[in-house]
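Residue numbers (the numbering used here), protein chains in the order written: chain A, -10 to 357; chain B, -10 to 357.
A portion of the hints provided could be inaccurate.
[Unchecked claim] Examples of chain B residues toward chain A, derived with CB under 7 Å: (1) Gln97; (2) Gly99; (3) Gly223; (4) Glu242; (5) Pro266; (6) Phe289.
Worth flagging that the hints you see were computed from the coordinates, not collected in a lab. The beta-carbon is built from N, C-alpha and C at its ideal position, and this holds for glycine as well.
Protein chains: 2
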Amino acid sequence: MTEKTVRVAVETIHSFMIDVFTALGVPRDEGKTCAQVLITSDLWGIESHGVGRLKMYYDRVKQGILSTTTEFEIVKETETTALVDGHNGMGHVISARAMQMAIDKAKQYGMGSVAVRESTHFGIDGYYPLMAVKQGLIGMAFTNARPSMAPTFGVDPLLGTNPIAFGAPTDEQFPFLYDAATSITQRGKIEVLDRAEKPTPAGWVIDREGKTAVDTEAILAGLKRKEKAFVPLGGIGEKMGGHKGYGLATIVEILSASLQGGMFLRSLSGFNPEESPQAHHLGHFFLAIDIEHFVPLEQFKKTTGDILRTLRNSTKSPGKERIYTAGEKEWLMEKEIRAQGIPINPNLQKNLLVMQEDLGLETYNFPF
Amino acid sequence: MTEKTVRVAVETIHSFMIDVFTALGVPRDEGKTCAQVLITSDLWGIESHGVGRLKMYYDRVKQGILSTTTEFEIVKETETTALVDGHNGMGHVISARAMQMAIDKAKQYGMGSVAVRESTHFGIDGYYPLMAVKQGLIGMAFTNARPSMAPTFGVDPLLGTNPIAFGAPTDEQFPFLYDAATSITQRGKIEVLDRAEKPTPAGWVIDREGKTAVDTEAILAGLKRKEKAFVPLGGIGEKMGGHKGYGLATIVEILSASLQGGMFLRSLSGFNPEESPQAHHLGHFFLAIDIEHFVPLEQFKKTTGDILRTLRNSTKSPGKERIYTAGEKEWLMEKEIRAQGIPINPNLQKNLLVMQEDLGLETYNFPF
């Protein structure tokens, strides 16, 4: 193990992740799905949801709160809708199947949606709309998550970072792909600041006094003890629109929980009342819209591309060289990561070596 | 006309609005729909979209850019979807019919959505999801709007305030009803500050230098000259998540324009290249989800109510007495407005008298 970040080829990390999932007991085809979701995050430069999370899944399997074999039970199904129970299997496997169901229904009837209960962490939210985009549809994906965000005028961490993901095809080399938490930030970014020994920007985190917290180390400890909470998009209070971010997070909670009769808010903590780890009981909601039911796909792609080009080509704020559209930075990053490899920091190196040894994956020769 | 704000009974204002629309040439039944949307906004205390906007519709009819007779053309229709052309008729009439189509499709097939082109200003966005909620469904409504918001790292007003509205039924006396611009604020709030002779909060509006503008009078003039623009939810730049609000506004633009092959961004200004008024060519997107296709309605209502009660009953930030959920403030306001009447400010009094005289609506005896 080295003391600095080193880059490892995408193929190596991808293959290692498949082998880890398989060695843990995930059927190989399903392990490929899990690894595909994670590597997509790494390719987009979103380190918080890629190989950096592999040890989390490993730990949860070892704790017995994540099932490596996925029982995908269709509880109810109609022309355009389905309700699925994931029985605490692999969230990526459950979600990829659920999204594909929504897509297939949309292709036939115009729209499709699938609500999922008893699921687990499914990786990056944007992966699922991208499945729809690749098949020429609009896709959306919503999930609740363990409680960490406070409502406007409150201080308890209750809502998850509850992301919204939306994808649409364009006539460009890359799609419009939005994937963002409804909080200003999330744990992964605080951890990055911690490693860099930097303070957390004012306004991102609220403490029990209703004030902004900036001590990064204290924030990480406080999040665990429920003494600190993330702030909704728009900030503390209503002045800058914090109630809008809070409302969006609530929409995601309703779509993820109420349509499947499942758990919500505090019940998603991953701990039982005795503070022992338990399944997270997450809920998701996937939605697909078939474009050809409205207009020809090529026309839709051109209109969407024209909207995005108009935005990008408009007047820059002085000192800013470029205006981006959602999904563009990830597309640029993917080219860089494929060329240079995935950055593996010292902490992650340690984790990879632990899993390699424990699971006997001796064929890998990491440069650390 | 008085020099101060006076309150007028809800029934009087409601009836007057119906008579104004009818006198302008809107068929009486359709005029009732327009007035119903506007009075709902007044009842919720959202003065910017109620009777305060009546003169805007009046002016647009007089300018010949808003058609009082609505030709609702169904261009394409499938089991779950429809594409509608509104031919620049009354936006409220077009939208109420389109939303009902989405609801009817959802009742039968589980989901329904309708894209609308060549529409006009449809009033308050939240009215349409509420139609779905009253019939036991989830409803969503999206619309683009005349350009006023700058993309992240840009300064041109390109996107509209592009609101998102979402409604879900609950087991309480009022629904969950979210209706918010994807910008931090909108013109109506700047006008309120102008009347009160107050500065605009820093961070709401961006100028050509990429800096925040706070001089309210200069902002109102600058918005007209496209020298000032609203800032996306999340603020200027990316630090507090401004790119998320910008991304959400882009989603609304895509849903509102690309599915109907219509106009977008700068083309929605309401002016032709010679700076003469023209139709706004707005697009909308309405979506309904039938809850019973997933879970029993009563179960959904209870889960949603439980989520909202948990949020409201959580620990308040010191100094804050209450945590609200979306739609709650509007419900509280409606009780107050019904008891006390709708506040009519001096400028609005003048406008009502102008319309009353011009249209010969002599039976109204306003207290001003």
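Hint by hint, here is what the structure shows:
1. For Gln97(B), the shortest C-beta to C-beta distance to chain A is roughly 9 Å, which exceeds 7 Å, and the interface hint is violated.
2. The criterion of a C-beta within 7 Å of any C-beta in chain A is met by Gly99(B), whose closest approach is roughly 4 Å, and the hint holds.
3. Taking 7 Å as the C-beta contact cut-off toward chain A, the hint placing Gly223(B) at the interface holds, the least distance being around 5 Å.
4. Because the beta carbon of Glu242(B) sits about 6 Å from the nearest beta carbon in chain A, less than 7 Å, this interface hint is met.
5. The interface hint given for Pro266(B) is broken, as the beta carbon of that residue sits about 22 Å from the closest beta carbon of chain A, more than 7 Å.
6. For Phe289(B), the interface hint holds, since its Cβ comes within 7 Å of a Cβ in chain A; the closest pair sits about 5 Å apart.
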